[in-house]
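Peer 1: The primary structure of each chain is shown beneath.
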Amino acid sequence: MADSTLVGLQHGEEHHPELLHHFAEPQQQRDAASLGMWVFLATEVMFFGGLFCAYLVYRRWYFGDFGAASKSIDATLGATNTAVLICSSLTVVLAVWAAQTARRMLLVVMLGITMILGLAFLGIKAIEYKDKFEEHHVPGASFSFENVPIPGHPGQFANPRHAQIFFSLYFVMTGLHALHMIIGLGIFSWLFTMAWKGRFTPEWHTPVEIGGLYWHFVDIVWIYLFPLLYLIDRHP
Amino acid sequence: MSMPIATTQPVERETYLNAKYGVWSWLLTTDHKRIALLYLISITFFFFIGGFFALLIRLELLTPAGDLVQADTYNKLFTMHGMVMIFFFLIPSIPAVLGNFLVPLMIGAKDLAFPRINLLSWYLYIIAGLMMLHCMLTGGVDTGWTFYAPLSTNFTNTKIVEAGLAIFISGFSSILTGLNFVVTIHRMRAPGLTWSRLPLFIWAHYATSIIQLLGTPVVAVTIVLVAAERALHLGIFDPKLGGDPVLFQHLFWFYSHPAVYIMILPSMGVISEVIACFSRKRIFGYHFVAFSSIAIAVFGFLVWAHHMFVAGISVYAALVFSFLSYAVAVPSAIKVFNWTATLYKGSIHYDAPMLYAFGFLGLFSVGGLTGLFLAALGINVHVTDTYFVVAHFHYIMVGGALMGYLGGLHFWWPKISGRLYPEGWARLAALVVFIGFNLTFFPQFLLGYMGMPRRYYDYSHMPEFQILNVLSTAGATVLGVGYLLPMVYFLWSMRYGKPAPDNPWNAAGLEWKTASPPPTFNFDEEPVVTWEAYNYEELDAPPRTQEVPVGR
Numbered sequence: 014m015a016d017s018t019l020v021g022l023q024h025g026e027e028h029h030p031e032l033l034h035h036f037a038e039p040q041q042q043r044d045a046a047s048l049g050m051w052v053f054l055a056t057e058v059m060f061f062g063g064l065f066c067a068y069l070v071y072r073r074w075y076f077g078d079f080g081a082a083s084k085s086i087d088a089t090l091g092a093t094n095t096a097v098l099i100c101s102s103l104t105v106v107l108a109v110w111a112a113q114t115a116r117r118m119l120l121v122v123m124l125g126i127t128m129i130l131g132l133a134f135l136g137i138k139a140i141e142y143k144d145k146f147e148e149h150h151v152p153g154a155s156f157s158f159e160n161v162p163i164p165g166h167p168g169q170f171a172n173p174r175h176a177q178i179f180f181s182l183y184f185v186m187t188g189l190h191a192l193h194m195i196i197g198l199g200i201f202s203w204l205f206t207m208a209w210k211g212r213f214t215p216e217w218h219t220p221v222e223i224g225g226l227y228w229h230f231v232d233i234v235w236i237y238l239f240p241l242l243y244l245i246d247r248h249p
Numbered sequence: 078m079s080m081p082i083a084t085t086q087p088v089e090r091e092t093y094l095n096a097k098y099g100v101w102s103w104l105l106t107t108d109h110k111r112i113a114l115l116y117l118i119s120i121t122f123f124f125f126i127g128g129f130f131a132l133l134i135r136l137e138l139l140t141p142a143g144d145l146v147q148a149d150t151y152n153k154l155f156t157m158h159g160m161v162m163i164f165f166f167l168i169p170s171i172p173a174v175l176g177n178f179l180v181p182l183m184i185g186a187k188d189l190a191f192p193r194i195n196l197l198s199w200y201l202y203i204i205a206g207l208m209m210l211h212c213m214l215t216g217g218v219d220t221g222w223t224f225y226a227p228l229s230t231n232f233t234n235t236k237i238v239e240a241g242l243a244i245f246i247s248g249f250s251s252i253l254t255g256l257n258f259v260v261t262i263h264r265m266r267a268p269g270l271t272w273s274r275l276p277l278f279i280w281a282h283y284a285t286s287i288i289q290l291l292g293t294p295v296v297a298v299t300i301v302l303v304a305a306e307r308a309l310h311l312g313i314f315d316p317k318l319g320g321d322p323v324l325f326q327h328l329f330w331f332y333s334h335p336a337v338y339i340m341i342l343p344s345m346g347v348i349s350e351v352i353a354c355f356s357r358k359r360i361f362g363y364h365f366v367a368f369s370s371i372a373i374a375v376f377g378f379l380v381w382a383h384h385m386f387v388a389g390i391s392v393y394a395a396l397v398f399s400f401l402s403y404a405v406a407v408p409s410a411i412k413v414f415n416w417t418a419t420l421y422k423g424s425i426h427y428d429a430p431m432l433y434a435f436g437f438l439g440l441f442s443v444g445g446l447t448g449l450f451l452a453a454l455g456i457n458v459h460v461t462d463t464y465f466v467v468a469h470f471h472y473i474m475v476g477g478a479l480m481g482y483l484g485g486l487h488f489w490w491p492k493i494s495g496r497l498y499p500e501g502w503a504r505l506a507a508l509v510v511f512i513g514f515n516l517t518f519f520p521q522f523l524l525g526y527m528g529m530p531r532r533y534y535d536y537s538h539m540p541e542f543q544i545l546n547v548l549s550t551a552g553a554t555v556l557g558v559g560y561l562l563p564m565v566y567f568l569w570s571m572r573y574g575k576p577a578p579d580n581p582w583n584a585a586g587l588e589w590k591t592a593s594p595p596p597t598f599n600f601d602e603e604p605v606v607t608w609e610a611y612n613y614e615e616l617d618a619p620p621r622t623q624e625v626p627v628g629r
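In the order they appear, the protein sequences are chains A and B. The first sequence begins at 14 in my numbering and counts up one residue at a time. The second sequence begins at 78 in my numbering and counts up one residue at a time.
Think of the hints as simulated: they come from the structure by calculation, not from any bench. Watch out, some of these pointers could steer you wrong.
Stated by the list, open to error - If you anchor each label on the Cβ, the simulated ranges turn out as follows:
no. : chain 1 : residue 1 : chain 2 : residue 2 : range
1   : A       : A133      : B       : I390      : 32 to 38 Å
2   : A       : I245      : B       : L396      : 30 to 36 Å
3   : B       : W569      : A       : H34       : 31 to 37 Å
4   : A       : E31       : B       : L449      : 50 to 56 Å
Just so it is clear, the structure is predicted and the values come from calculations on it, not from any experiment. Every residue gets a Cβ at the ideal spot worked out from N, C-alpha and C, and that includes glycine.
Chain B with its partners taken away, still in its complex shape (with noise of 0.2 Å):
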């Protein structure tokens, strides 16, 4: 690639993309930012493939009557979407792509602590998703994602060996993910960047990266059991054999509940730096903020029996849990009613960050509060395996985790790419995505509490579920368009946006101190941290220079 340099245009100043060319700069590049990139591409290809499943699974349900697709194949078709969106797009969607890209960026390091390590985590990555794309296109697997056994050890003939080492792999990247986050912050912070200047969206990766690491080994070495004895005739899980298919839930559960809060908690994060941006105001009650991440990760390892209220197990374990379960809602509320206390006389932006961030702080909100229905005892009997819960973690995963990780992407972007993105297309798309969701989703409560299981691809005997079901499916259809706009518009302004300022919004973080796209070793000299975090009443004070007549 030749750059002719005319006389009169400045010579081009050299960012992590323009530091080197070829396909090989990227593939075996080191640098975070790149590789926060690649993940982006990886993760993005996977969303649509996730999506064209769920669009499948909508369509199925627009009649009663199973037409579209036969039985085995909508097994198929909602245990791929599960397993996808999971584990190949939203655990990694805002650690690998935005943390990836922004925590050295925030704490002032010139990359994470095992820059290979980083790389070896996205190969782990693609090689996991070559295998599950592998395993889908050759038959996929029908035991929805959660592989209870001994329908998954003895009775599916569908490929779990491999899409469970699938799994595995990805898992160990999402691991050393973690490792790398968890090391750089405590070892590579800026001189002055002590733990409580630190910006709310490292505390939440904090969290998420000991989530990621405590739990995700559990369900590794689970998966292996259940390969094994689906390959070898072991008898752990299969009753038959006086195994105990409930200590597979058990196992499964340990990882897989801690696994929501790795897909919320970095969108926290994100909302906590939205909000606070602007809002033009520090967060409210920081410390709270920054500890109830902590809190939601130890918490999130003590409830993973709510998820089996109906297996059978004691009443006792089920009463405990079921606390347990309620108690989460404290460190979350704390963190939505800090969020509203920020807004509150705080002088409101409505860019499209924010917009997301409110589409977030609704739709989470709801989501946490129908988990409290599902914590109680009595009414999980009643809505367990509905569309209730569907829709509940819908709420939670899409209408949080996807709503943070787009509002992070916009928010982020002019720092990502360089470029400005078009506000007035990002508002609409905003407003599509929300309207779209609850079109989606709130259909879905209303299904369950009247009773429509999850996972059936036939409701003929039921055809008063078709209304509900036809806007759920045109919602769905309303938030492809939603998800679809943003991806053009970001392509578009790779090239055709307007250039980004470094600091596009005004805003606090020392990601913003650094030039837009930033410098492949980030800052031009180490960072010296000397401010609060979030310190926006001294951003937008007046400059000091200014005379204030006296006797007013």
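Extracted from the complex, chain A is given alone in its bound form (with noise of 0.2 Å):
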């Protein structure tokens, strides 16, 4: 920490040119920065709060619904998104390492592959989405989901009502979701411009970070998605 500071000292003396003009020096800047990003990341816990929320309210009361439901989903897309999700975590964390170490090909790389593994992960949640509506188990008029068995219990059959609330959390949860990655690679491609004109150094690289941030957020997620949406009922 006392580095840091000494560091930001120096440059606030040399008026870095990305430094603005409210802030006193380099550090503060940063500071502020990636505080923002985590007040903000606290917002968005409290807006996948309310559908994790409303998720444990049905999962308690339509408990076999849900397992048969969450049956349906093709896991191994699932797991091989988690997969792609936690690679794109490691090659984020390189990406702030070759940041802070000035290795600007390495930066270019790995924040280009990080958005070829976002892309990855929404390609194989289309075909997700694509199955789902084949099966007609996208939530509205063409629903169906008539004698699906509830594991576990021989002879009895899921509500079609009850697993189309699973469903409508499912594309609700998901979708949003999706968005955020949506938006992350949006963010990504930014930073992918910056670091090609060699924009980052390590003294300045506060995006490569507080983008980071955003991105480990969107994988945690999905992290707490999967084994509720996909996990739930597996066992044979």
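Using the hints, put the two chains back together into the complex; each one sits in its own frame.
Peer 2: Next up, the structure:
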């Protein structure tokens, strides 16, 4: 901490080009930006929190129906997507490290791989949605979930209306998550351009850091979505 | 614009108001003071729209028969009145205008931490406001501002999705303002300005921002669900499809109860400043007042279900929520008692801001105490959905939040505009507002207790309610005059008012240590704070050079 303050002071004297007028020194600007992102992520936790709360209520009410509905989703695709996102988190960390240590090419490559992984995630998600669409599992007029047995309860079938609530939550939650991924890709394509132009230095790479924070957050949301939506009833 | 400089006149000092001219210098500004003025203009506009709806509501209720508007129109009137006043006036009022202007000044910063995000938040507000206007002009919404499902999701054929989207966007604007304040207060304080030297206005805004940050996203996602349910026929809140409408109420009130504290806490911050200044005393129990703001923010998140006592929630949950609702009274009472103790033996000046503060003390106390009636399970069942509730929350939101807003606007007007407003007119307006307010809303307590339900446009089966309704409508007219007056003399003072000195009230606080109006970067040199907050005893002490005669 003492070191970084010292660096900040030195650059404050040199008037770093990225230092905005209303900050006294780069360290203050960096702290403000990173605190701002953390606070924003707190609001995002609450945003998804409302949905998790709704999920919890209905999961308890319609326990078996949720199990049956969950079982109809392709867990392999979900697991692949989980792996894809975890890898992308690794590349984000490496990107931040590359920015800190002035490795411009590595930074560009890592940001690029992150974006490719993000796109792969969305592609796999699209396949999953297409499957659900073909199976008539999209809530609405053509929804159909007849005669699906409740796992572990031979002879009992899921109530299509209750399964529809599962799929409503599935689409809203994964849809909003995908929207966050798309916004993340937007941020990362801007970071990519900036990195390509060599604008990030070990002294100033705050956008990479806080963009990375956002990306990790979106990954973590998925880490909760995956078991709750895909894995709740997978025993044979 | 040419600026001839006569040789005899001194060169005009550069302030944030005259630093640049032209529309774009305002619309693209990142100066927090200019953005505050943009907000001031826009929320005043929405205040008068909301007030217009209120006027129509009161006119309709002048006679027992439903004769001025039709039932459907009346439903839309009270809905749009609520939505406009809550989301487009009260929630942004003090934070976005006074907070935006004062938070950096009070903590000795050049600007908020994220000036461009601050401008973005105003644009989001305007986009949301335009959508709301469009929604109103093309039919409006009739569900009440609460959007209860399944009325909003399955039955009404009005513009729920558009209004919901407008509120979603305005919520985003509110989140960004809160985010900016939290980061600014944490990271941008002047050297020497410790947390326990912060003005209570800042503490109040810190608490408010926390509510905005943690509450607003929940209502945002609830609105998303309502819109999705309407557009895509999901079944999350629809009991026909196995959904739970009470879940909607939980999610909605989880934000919308704390939202009341978004409106009242900043007002409490204003009152702390005003009462200390016009009593010429340090605020009594500074730390208690500061932490009671945080306590209100925390408790505020734990009481939402008291809006749902008759919605079929478990009686045990109701007991807990009732108890917690009583608990909110503790920090609120701490504030009121501490303000009163500050007045004790103070050297009280009856300037206009102080009159508003007195009004606040009385009206907030009435509003708060009637809140306890509503928190009591038995009485709640009796007065739910009656005018008692309407009167109660207007005492808080109008009697509390709006009085604080007007008081604050008067108090800091010399700093904002660089001009003095006419004190006599201002005192008169404060009096008119106070009388008009009580005349409007006190009869509603009686009406509600006697059983007049809210949201009815026709009470011809109960003609005995008319006399109190006539009083209320008369009061609303007086209140309207009381709101127009400041608008007129503030505008007048911008041109004809006497130039304000830097510190017209001889008040403590960093914002008074810079020029009126302040320069673009607020302070000519970075302030260093070496004094405690509200050091009025020091300010008013006779100069040290006076020699005290020996032997007396």
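Peer 1: With reference to the structure, classify each hint as holding or not holding.
Peer 2: Tested hints:
Taken as a hint, the range 32 to 38 Å is violated for the pair A133(A) and I390(B), whose Cβ atoms sit roughly 45 Å apart. Taking the beta carbon of each, I245(A) and L396(B) are about 33 Å apart, inside 30 to 36 Å as hinted. Between W569(B) and H34(A) the CB atoms are about 35 Å apart, so this pair conforms to the stated range of 31 to 37 Å. Roughly 54 Å separates the CB atoms of E31(A) and L449(B), a value that falls within the hinted 50 to 56 Å.
Checked against the numbered hints given earlier, the structure breaks only hint 1 and satisfies all the rest.
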